[in-house]
Amino acid sequence: EDQVTQSPEALRLQEGESSSLNCSYTVSGLRGLFWYRQDPGKGPEFLFTLYSAGEEKEKERLKATLTKKESFLHITAPKPEDSATYLCAFLSGGYNKLIFGAGTRLAVHP
Amino acid sequence: DGGITQSPKYLFRKEGQNVTLSCEQNLNHDAMYWYRQDPGQGLRLIYYSQIVNDFQKGDIAEGYSVSREKKESFPLTVTSAQKNPTAFYLCASSIYQGKAKNIQYFGAGTRLSVL
Numbered sequence: 016e017d018q019v020t021q022s023p024e025a026l027r028l029q030e031g032e033s034s035s036l037n038c039s040y041t042v043s044g045l046r047g048l049f050w051y052r053q054d055p056g057k058g059p060e061f062l063f064t065l066y067s068a069g070e071e072k073e074k075e076r077l078k079a080t081l082t083k084k085e086s087f088l089h090i091t092a093p094k095p096e097d098s099a100t101y102l103c104a105f106l107s108g109g110y111n112k113l114i115f116g117a118g119t120r121l122a123v124h125p
Numbered sequence: 021d022g023g024i025t026q027s028p029k030y031l032f033r034k035e036g037q038n039v040t041l042s043c044e045q046n047l048n049h050d051a052m053y054w055y056r057q058d059p060g061q062g063l064r065l066i067y068y069s070q071i072v073n074d075f076q077k078g079d080i081a082e083g084y085s086v087s088r089e090k091k092e093s094f095p096l097t098v099t100s101a102q103k104n105p106t107a108f109y110l111c112a113s114s115i116y117q118g119k120a121k122n123i124q125y126f127g128a129g130t131r132l133s134v135l
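These protein sequences, in sequence, are chains A and B. Going by this note's numbering, the first sequence wraps up at 125, each residue one higher than the last. Going by this note's numbering, the second sequence wraps up at 135, each residue one higher than the last.
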């Protein structure tokens with residue numbers, strides 16, 4: 016069965032303290048791995064999509080990487096405004112179906 | 021501004037009542053989706069539609085119904101058969117050509133509670 020697991024469930028960082036969020040998956044034939052940011056009470060905001068192992072994408076303080084079994088979201092020198100829940104998802108099935116992890120709640124304190 | 025509009029932001033349902041959540045997009049996207057989000061869980065797919073007048077059940081379709089009469093609109097009805105409707109409902113859309121077809125964009129959500 017296709018599934019995705021995110022860790023840790025919650026992460027507290029001091030401003031400027033770099034860290035990484037993990038998304039591990041088991042899927043028969045990965046067709047795309049997606050990262051979203053979700054603020055409380057709002058819809059997810061698209062960040063990155065990765066299609067093949069070894070691929071990397073960057074946006075400001077965020078960098079997403081992909082291997083054959085997992086993806087990492089690296090946060091460099093985070094700021095309080097980076098506080099949010101980060102969701103990963105992968106494409107499954109013959110149609111455009113996303114399987115989501117439960118997310119990592121990130122809190123960055125000044 | 022192009023985007024996905026969900027309404028209302030908050031909705032309350034009485035026992036035995038059907039309620040309808042609205043989702044409109046002006047992105048000219050072909051495909052639209054409804055997800056349900058519960059605390060501590062990932063988003064789960066309720067229904068999706070790839071073209072007008074066609075839609076398919078997702079993983080948790082029981083107690084829900086949809087229609088797709090226009091490309092821009094994909095309303096979700098939560099029926100009285102859905103015994104645990106309290107959740108955050110999210111609508112999404114995507115184009116359907118090339119690799120960009122895989123990127124789903126989300127609305128701001130509707131929070132449904134039971135009175």
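Calculated from the structure, these hints are not laboratory results. Virtual Cβ for every residue (Gly too), placed ideally from N, Cα, C. Warning: the hint list may mix true and false statements.
What the hints assert, rightly or not - A few chain B residues facing chain A, derived, Cβ under 8 Å:
hint, residue
1, His-49
2, Pro-95
3, Ile-123
Unchecked claim - Distance windows between CB atoms, simulated:
hint, chain 1, residue 1, chain 2, residue 2, range
4, A, Glu-60, B, Lys-91, 34 to 42 Å
5, B, Thr-97, A, Gly-31, 47 to 55 Å
6, B, Ser-100, A, Ser-34, 25 to 33 Å
7, A, Pro-55, B, Val-72, 29 to 37 Å
8, A, Gly-31, B, Glu-35, 36 to 44 Å
Tested hints:
1. His-49: violated (11 Å)
2. Pro-95: Hint violated; B:Pro-95 Cβ to chain A Cβ min 17 Å, cut 8 Å.
3. Ile-123: With Cβ-Cβ at 6 Å, under 8 Å, it holds.
4. A:Glu-60 x B:Lys-91: 34 to 42 Å: Given about 23 Å between the Cβ atoms, the range is violated.
5. B:Thr-97 x A:Gly-31: 47 to 55 Å: holds (48 Å)
6. B:Ser-100 x A:Ser-34: 25 to 33 Å: violated (46 Å)
7. A:Pro-55 x B:Val-72: 29 to 37 Å: Since the Cβ atoms of A:Pro-55 and B:Val-72 sit about 34 Å apart, the hinted range of 29 to 37 Å holds.
8. A:Gly-31 x B:Glu-35: 36 to 44 Å: violated (51 Å)
Going through the hint list in order, the structure does not satisfy hints 1, 2, 4, 6 and 8.
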